[in-house]
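*Asks:* So you can see what is in the structure, the chains are spelled out below.
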Amino acid sequence: MNYDLSEDQSSVLSALDSILADYKAPPIEPVPFAYGAELDAILTESGFLDIAREEGFGPLDAALIVERVARSPLVVEVAASTLVAPVLPIPQGLRPIALHDGALTAPIRFLPQARALVVLRDDHAAIATIDAGQVEEIETMMAYPYGRLVEPTALSFERFDDAGLVRRRWRIGMAAEAAGCMVSALASVLEHVTTRFAFGRPLGSLQAVQHRLAMASEIAESTRWLAFRAAWSDTEADAAIAAGYAQAHISQFTYDLHQFSGAMGLTLEYPLHFWSYRLRALAGELGGASHQSRSAAAAIWGEAA
Amino acid sequence: MEFGWSPEEQAHRQRIRALLDETLPDDWEQLSVHGPGSDYQTDYSKQFCAMLAERGLLVPHWPAAYGGEDAPVWHQFILGEEMWAAGEPRGAQYMNVNWVGPVLMKFGTPDQIARHIPPIHAGQAIWCQGFSEPGAGSDLAALRTTATPVEGGYSVSGAKIWTSYAGKADTCFLLARLPAREGGPTGKAAIVILLTDMKSPGIQVKQIPALIGEGDIHEVFFDEVFVPTDCRLGAEGQAWEIINSVLANERTGIARYEFSRRMLDRGVARLKEEGRWNDPVVQDRAARALMLCEAARMLVYRIVDGKARDLPPDAFPSVARWAVVRADNGVNDFLTEFLPDGLCGGDPVQLAHHQRAIAAGVASGAAEIQLNLIARRWLELPGESRK
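Chains as they are written, first to last, in our numbering: chain A, 1 to 305; chain B, 1001 to 1387.
Take these hints with a grain of salt, some might be off.
Listed next, the in silico SDA-like pairs over lysine to any residue satisfying Cα-Cα at most 20 Å (straight line) [said to hold, decoys possible]:
1) B:Lys1307 with B:Glu1008
2) B:Lys1188 with B:Lys1272
3) B:Lys1188 with B:Ser1245
4) B:Lys1199 with B:Phe1221
5) B:Lys1199 with B:Glu1182
6) B:Lys1272 with A:Ala299
7) B:Lys1307 with A:Gln207
8) A:Lys24 with A:Ser14
9) B:Lys1307 with B:Gly1135
10) B:Lys1272 with A:Ser6
11) B:Lys1307 with A:Tyr3
12) B:Lys1106 with B:Lys1272
13) A:Lys24 with A:Ala298
14) B:Lys1272 with A:Glu303
15) B:Lys1046 with B:Glu1214
16) B:Lys1307 with A:Glu303
17) B:Lys1106 with B:Gly1135
18) B:Lys1307 with A:Leu268
19) B:Lys1188 with B:Arg1144
20) B:Lys1188 with B:His1121
21) B:Lys1199 with B:Lys1188
22) B:Lys1307 with A:Asp4
23) B:Lys1046 with B:Gly1056
24) B:Lys1307 with B:Ala1142
Hints in this document: simulated from the structure, not taken from any laboratory.
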């Protein structure tokens, strides 16, 4: 048991942080989200997104990167590329990747940027390459790009049998991404309640506010460490626990952070939504918290006596 | 970064489990139901802890100079997890090995160490913690029990409440306040710690009937109790520093989430036996309680990891303590809803867990105090007085 980063992990995250330092500022325009195309290109070129394919590295290193990139106000597809793609027959470099588990007519996260689509079914995953002409972008208040397939039946899918592996890595990525979003969302609101005065005192000095932010910090810490453990063990139980915990707590977490941001938190000029509306999008992935919860129950205790 | 156990740590855990299987009475589940403070468990702890001491499992984490083995921090913690999950057969003595002994080593005089460490090391000492008072619980600094300087020591008068193990304790780790005087210390600086012999004339102990079992809650009255000067721990004015050291150890000393996790496993086994497990709602709710346990585990492990790596203490124990309280109550809520008969004579261990869980957010300082500490010290939010 050792919570400290290894030398390699420290080096990787240090290099990553120096890149992310240039992308800390939220977009100037009031937008629901901003895809970090330039950041995406730099991360790709620098090899960060292929880390789990490298000798001596694995899912934990990938999850560390996912969590760190998710702190940026700019959105970049990282989780599927670093955690899911390495276990699939997807050529290295074919990305961004959209993950989906519903009807092919439904909105799909990251589809407008995606060059590959992975559709998870109960007993297999189906993989297709995508080109821009097959996608129509959807307007959404969620802080991810969403698109819809123009003609789903025109896609040609390759079958991958280990659906469990894809689901597990998806869950780990989701938990790590949620953890990163929580870090920045909380930091953003902490700054607000420290500098915003009401009734002659900072909002953050009010005990009612302090207690709920303290609870939010526990949720953020729990999400993060459960995600990292799941990435380290790469087991069904830990992955379901990590993703389920994150999803089960997103509602309260985001509600409180918006509440303490007041009307500012309802605007696109205030940055909270860049993380809170990613979190709210993640809350419904893979069937939502109850689905992960029942999977965790099955993994830990089995189906029946 | 890695989250697994070394072969040595796994062997250590297996050794403890085998020892518990071998030594605990067959009817331990019934006997342990009244909790670590019960007469039975307090008496049994002297037998059990003596056996642990003989086998080098009572204080292996202590420094060799004090009879320990300088064992790794994680070994102590694994021991605590297994003991708490088994109903804490060390009884009140878990406190001795977790914080009383280490605090004495750090702040005690040679004479105090010579007097108190050997019986703790032998598993024969029962301590109680004279902190809370009718008007000073989580707000410890408000305590009013007085320690008036007299020839050769202090005359202590006042009352303590909610004192666990007081009925059986040999020694009280007692906090009292020097009387106010012109130019004298005030507030926290006026508190002294007195290692008080519970057989001293003038001490009266009264057990308070409670929902949480036998022996856990007492009132202790001090009527001009004489405590010699050489029983004061640390200098006058140093008490608050020592108390913070105690609280830092105490707040993470108990692996409550492990007992909750095992209760959850036990509850699921019962639901399976009764043919009720295949209900997806039951599975969902069970796993949500499980998630709280595992979250608490990860946060508590982070603290232990910090100790193991000798990192400076921070405010994270308060974050972990909040998670532990949530875990205890999450499991308790699940069991109370889906296995209510367990609290009506159906399962003594579930009853014991329930009694621990309802106290989890109250004992060792209210959970809301932890939220205050998280806000101020972890999140660095401004205090109320800031304008």
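*Asks:* Could you tell me which of the numbered hints above are not met by this structure, giving the numbers in increasing order?
*Replies:* Hints 2, 5, 7, 9, 10, 12, 13, 16, 17, 18, 20, 21 and 24 not satisfied by this model.
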